[in-house]
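Taken in sequence, the protein lines are chains A and B. Numbering that gives the first Met the number 0 applies: residue 0 is where the first sequence begins, and numbers increase by one. Numbering that gives the first Met the number 0 applies: residue 0 is where the second sequence begins, and numbers increase by one.
Please note that the accuracy of each hint is not assured.
Said to hold, decoys possible - Partial selection, computed: residues in chain B whose CB lies under 7 Å from chain A:
1. VAL82
2. SER86
3. CYS198
4. LYS223
Simulated from the structure, these hints should not be mistaken for lab results. Every residue, glycine too, gets a C-beta built ideally from N, C-alpha and C.
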Amino acid sequence: MRCLIMFALLIFAAGPLAAGNSTAKGDRMILATYWGDDKVALIDLQGDQGHEEIWALDTLKAVGCSKPYDVRSNERGDEAFVSCSGTDKIIVIDVVAQQVKYSITTGSSPRDLVLFDGGKKLIVANSGNDTVSVIDTIKRVKLYDFPVSSQPYGVAVSPDGKKAVVTGWASGDVHFVNLGDKSATIVGKLDVGMLPYTVILPGDGAVAYVAANGSHHVAALDMAKRELRSKIKVGRNPWSLAASGDGKFVLVTNNRSNNLSMIKTGTALPAIAEDKNFISAGSQLQANGESVQRSAKNASVSLNGKQGVFTDLANNQIVVVDLESKAITRVINVGKAPYGIEFIH
Amino acid sequence: MSIRQPGRNKIAGATAILLCAVIVACTLTKQETAQAIYSAGYFGEPLAGLDAGQRQSFERGELLFAKNWKEASRFARNAVSCVACHSVPMPGGSGMSTEALVATQHSEGRTHVLQRYNRHAHAFETSETRRTPPLFGVGLLENAAPRLPDGSKVAIFGAFLERNSLEDVVASALANELGVSSSKYCAGTPTAGTGLQDCRPLISDAELDDLVQFVRFLAPPPRKSQGSVIDGMKLFDRMRCVQCHTPSLQQSGGKGTPFRGVTALAYTDLRRHDLGNGRGIKTPALWGVTSVGPPYMHDAAANSIEEAILKHQGEATASARLYRQLTESEKELLMRFLKSI
């Protein structure tokens, strides 16, 4: 199995150079967390129906990780970083060896996390004790914590690794942070709407997008001026934001309106384009004959920007969407309460 | 020697084909049909089966639950919003911040909440700390409350079972914790000692209704598969925990379709028991217990599940003793079970 995974990763990495190879790494394999099962899985979106899951690591509890939440991979795709929301640590998984390499203690109940500085550092929001941790992934140590209130959840970092934005969902605001080597400084706060959970900084990082779950809009923030630029109306209760690799659009999961939104970003323009498209999340027929609408929770966009994947907590599924036709192309039954999801780059 | 008749052969063949077709169809259906729903909701999500009006009321109430009530007097409150305390792991949950720990004083059979900045409130001689209770599934508990002969419901709310109405609980919490009074609160509750000199409603009746509906329709904590924790379940039973932490409650009534026929797997009998303090305290629901703490227990006295178990005295002394007799592997099995409910 290890050989198969290595072979697959090598083929995908060499994709663009090999004639006739239809998928490059970053468009086919995804990592996912199953919050309800305490597992992390590697999934092949083009695997045989019913056999997409390459592996599902169930040894997390043995290393003290419960309720795996967010997941991010490094650039090579051979390491997965997972926040253990049921405890106070993140774990790092060797994707090829299928085992936990090490863990690092963070604050309580870590949630969204982001790799930055070329993958050498990681930042994670600890919703349980109102702190944010910055970690050195090379030395495998926590560099420092800094306080953010209240209920920090989402986090994003500028391309130069010097600025961060952290959401405080219980206080309805975001915090602008200057990141240093040994400490961080909060340089501003901004009200963005009710229950802001997630935030991203796509493209050149000039504009931050925040999903204000309770206000049903995505707030676009000018990072230089630390001002609210616009509120982009999306579906009901937007939860997560996933940017395309080129930063030209953002996929939004509308958790309670059974759809997703696509927002075009105008990062090079003075004003943010408010064009948006809806993508139906569909429904799933249950064994009892009841049709259950999907509740899109978390999402990721493929490297080529042509596919999106989202997790559906209502039906325990991962759903693949063609972003050009906006049609669902694949539905994968997975473990319980799938949350974190990420295309391996 | 039997003679094979062509007609029967055709019937047999057709039957075989039909049987194969049924098998294939069932297989395809099984593949297309997702696994059973893990839970009717998620932390902070609404119960399944709400009608449009109930869902809209839930969503309006959710915003009120997250609202920062800056207009309330600083001296009359302990926090500025419901989510300031009810936030772990999502809106409607418990709380671990110092803001969530509030002093209370028990007298005349009732519990009085003391406001941090109100010196009059702190005139009481004795007080103790209370931890924020999680609200997930409280509507199911409300509808499982037994009824008295006169038809009214037994009081199931409050650490000492002082209230039988969710509306009363929400109105009191708004007033005593946030300094936000409603017409319901102003009409029936004494203001002495609370710092509220002039009871003027800051929340409308309609808003209060929406807030109550949000709390009422919060889904219970999601459950994990019980298949791998049966041994732990047996230990839970063997330790006599089930005598108070009753695994399931049937709905005794319904305020709408989401409750009808639903069994609340809450692990509480909704009764008071003396744990050694001479006063008795309500059995808390254990569903989702490992997601809403530490700390644990009504007074945040326990920093771990084990510590909470060992603090069981009085009527539960035998259970604590039986826990001490467990092997390490048995304790691990018990913990796995508690993490699954």
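Hints, one by one, checked against the model:
Among the interface hints, the one on VAL82(B) holds; its C-beta lies about 4 Å from the nearest C-beta in chain A, closer than the 7 Å criterion. At its closest, the beta carbon of SER86(B) sits 5 Å from a beta carbon of chain A; the interface hint therefore holds under the 7 Å criterion. Nearest Cβ of chain A to the Cβ of CYS198(B): about 28 Å, over the 7 Å cut. The hint is violated. For the restraint placing LYS223(B) at the interface with chain A, the shortest Cβ-Cβ distance is roughly 6 Å, inside the 7 Å limit, so the hint holds.
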